[in-house]
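Build the complex from these two chains, which are given one at a time in their own frames, with help from the hints.
Keeping their order, the protein sequence lines are chains A and B. First residue of the first sequence? That's 0 in numbering that gives the first Met the number 0, and the numbers climb one at a time after it. First residue of the second sequence? That's 0 in numbering that gives the first Met the number 0, and the numbers climb one at a time after it.
Don't read these hints as lab results, they were simulated from the structure. Since we're looking at a predicted model, the values are computed, not measured. Glycine is no exception: its CB is placed at the ideal position from the N, C-alpha and C atoms. Among the hints, erroneous ones may be present.
[Unchecked claim] Residues from chain B that face chain A, not an exhaustive set, calculated with beta carbons under 8 Å:
| # | residue |
| --- | --- |
| 1 | H9 |
| 2 | L14 |
| 3 | F30 |
| 4 | N41 |
| 5 | V44 |
| 6 | L91 |
[Stated by the list, open to error] As a list, the in silico DSS-like pairs of lysine-lysine whose alpha-carbon atoms are at most 30 Å apart:
| # | chain 1 | residue 1 | chain 2 | residue 2 |
| --- | --- | --- | --- | --- |
| 7 | B | K93 | A | K80 |
| 8 | A | K82 | A | K187 |
| 9 | A | K80 | A | K6 |
| 10 | A | K82 | B | K71 |
| 11 | A | K79 | B | K50 |
| 12 | B | K82 | A | K79 |
| 13 | B | K93 | A | K82 |
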Amino acid sequence: MNTMTEKESLRIIHEMIATSKGNLKDNSFFYLLWGWLVLIASLSHFILEQFKYDQPYLVWPLLMGTGAVVSVIAGIRIGKKAKVVTLVDRSIMYLWWSFLVVIMIVLLMASLQKISWVGSNVLIMSMYGLGTFVSGGLLKFKPLMIGGIAAWILALVALFVDPSWVMLLIAASIIIAYLVPGYMLKSKEVK
Amino acid sequence: MFKDLDPLLHNQLRLSIISLLIGVESAEFNFLLEKTGATRGNLSVQINKLKEASYIDVKKGFRNNYPLTTCKITPVGIDAFEKYVEAISGYLRKED
Numbered sequence: 000m001n002t003m004t005e006k007e008s009l010r011i012i013h014e015m016i017a018t019s020k021g022n023l024k025d026n027s028f029f030y031l032l033w034g035w036l037v038l039i040a041s042l043s044h045f046i047l048e049q050f051k052y053d054q055p056y057l058v059w060p061l062l063m064g065t066g067a068v069v070s071v072i073a074g075i076r077i078g079k080k081a082k083v084v085t086l087v088d089r090s091i092m093y094l095w096w097s098f099l100v101v102i103m104i105v106l107l108m109a110s111l112q113k114i115s116w117v118g119s120n121v122l123i124m125s126m127y128g129l130g131t132f133v134s135g136g137l138l139k140f141k142p143l144m145i146g147g148i149a150a151w152i153l154a155l156v157a158l159f160v161d162p163s164w165v166m167l168l169i170a171a172s173i174i175i176a177y178l179v180p181g182y183m184l185k186s187k188e189v190k
Numbered sequence: 000m001f002k003d004l005d006p007l008l009h010n011q012l013r014l015s016i017i018s019l020l021i022g023v024e025s026a027e028f029n030f031l032l033e034k035t036g037a038t039r040g041n042l043s044v045q046i047n048k049l050k051e052a053s054y055i056d057v058k059k060g061f062r063n064n065y066p067l068t069t070c071k072i073t074p075v076g077i078d079a080f081e082k083y084v085e086a087i088s089g090y091l092r093k094e095d
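So here's chain B without its partners, still in its complex pose (with noise of 0.2 Å):
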């Protein structure tokens, strides 16, 4: 039934993340994490897909001795997250 969308960012956490980059410049690891409510674990492995996938750019860094992760969305991954809204409100249409 799905087959268009895109399977990347047809995910809960994925589409979660996406969307919250979607609207800033940057956010830190923790602003994700407490927004999309993820687990640690979980919320890098998904970081680390989209990255391979370079719908995210991610730096590593340090702020008092502390590791800093920022991600910051790509212009490939506005694409995709425009593509997958378009399909999305298709589907939707086709429902009415």
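With the rest of the complex left out, here is chain A (with noise of 0.2 Å):
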């Protein structure tokens, strides 16, 4: 048993470290899931507004709301058939447990009205531009990164738009930054 070359050992080092990292979880559920909630909701509230309904922001805390508790027992699920915890793993469920509470802090000043809908709509284009450039880059997945950088610029055309196209931005900026890449990892990990 202890007769290694030290060629062997270095074969060992090399295919056990090779196993371990790069092991792309199935992250790719939460931003299809995330993504097609917004795209559903913030289409919804257009079309709505569109139509002089008094009250379409309405959609929001019912879609958003069904996202939170789907997402926490996916969580848990996802969580409990993980057998390996990677330092990337743990980086970006804090990330995103801290978006959370900034979305809230968010949407609570709006609510108070001591910002404008269209300011707290920008702050959450940009935190999800956030998080979403941050889990690329931790993930090494381009993709991601991009559309983070896309959900920035977008962000910042809302600002000097009608805050009616608002609605669109975001559902432009969800495509880019959540579905289109959360359906290219997706692709990725069946591979």
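The structure is reproduced here in structure tokens:
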């Protein structure tokens, strides 16, 4: 048993390090879930507004609440299945928990009319740009990083357009920042 | 020939375990079992040896009523692994 040559030792080290790193986890689920929920919410909001519906924003708490419940359940399930935890997994988890807290603070500020709804939308778009960009960097997955940058650019655009268009900008940014990279991540995992 | 090599690490299975743990925060017994292809018994024995030398931390607990063992490399283990890799590289250079 102890007759390994130095070359064999190196081969074992390389092989084992390669198997434990770069295990792209099934993260795509969350991008797709939130991507579709935000896309449906922003488009419904836009359409309801066009039809002069009184409270078009009501779709948000409904769909986002659903998303939060599904995410918590899925998060616990995936966490239970994970046999190995890397620093990257933990960093991403803390990143999105902080994201959730900051979003809550922004929404509270908007409800108390401390900031405008356009302002809160711009902040939220910038925030998910941040989450996506950092996750992409940690996972070394460029489409997510590009998605994050796109979300920032669209957040800036939202500052200068008519407020009624902001919902369409959110829809566009969620497609670029969540749905496209989400599906790319998913197809990568299958391979 | 290998007198400078840490005997605890100069063993296929123990070296595999440490190499797997070096890149992650923590790993379950079953993950190590799957990746090393060792038998349960042998893996347990080698994990205990590494634990006794403080190269790894072993936590035993339960999940859904099943026993769950989680392993984590310690700073002592990281240090030993780095020294081992250095020694191996030294031998390879001598050969050239």
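Against the structure, the hints:
1. H9: holds (6 Å)
2. L14: holds (5 Å)
3. F30: holds (4 Å)
4. N41: At 10 Å from the nearest chain A Cβ, B/N41 fails the 8 Å test, so the hint is violated.
5. V44: It is violated, given that the least Cβ distance between B/V44 and chain A is near 12 Å, above 8 Å.
6. L91: holds (6 Å)
7. B/K93 to A/K80: violated (46 Å)
8. A/K82 to A/K187: With Cα atoms ~20 Å apart, A/K82 and A/K187 stay inside 30 Å; holds.
9. A/K80 to A/K6: Judged against 30 Å, a Cα distance of about 35 Å means the pair is violated.
10. A/K82 to B/K71: The given pair, whose Cα atoms are some 12 Å apart, holds under the 30 Å limit.
11. A/K79 to B/K50: holds (25 Å)
12. B/K82 to A/K79: Answer violated: B/K82 to A/K79 is near 35 Å, above 30 Å.
13. B/K93 to A/K82: Violated, because 40 Å separates the two Cα atoms, which is more than 30 Å.
Of the numbered hints given earlier, the model fails hints 4, 5, 7, 9, 12 and 13; all others are met.
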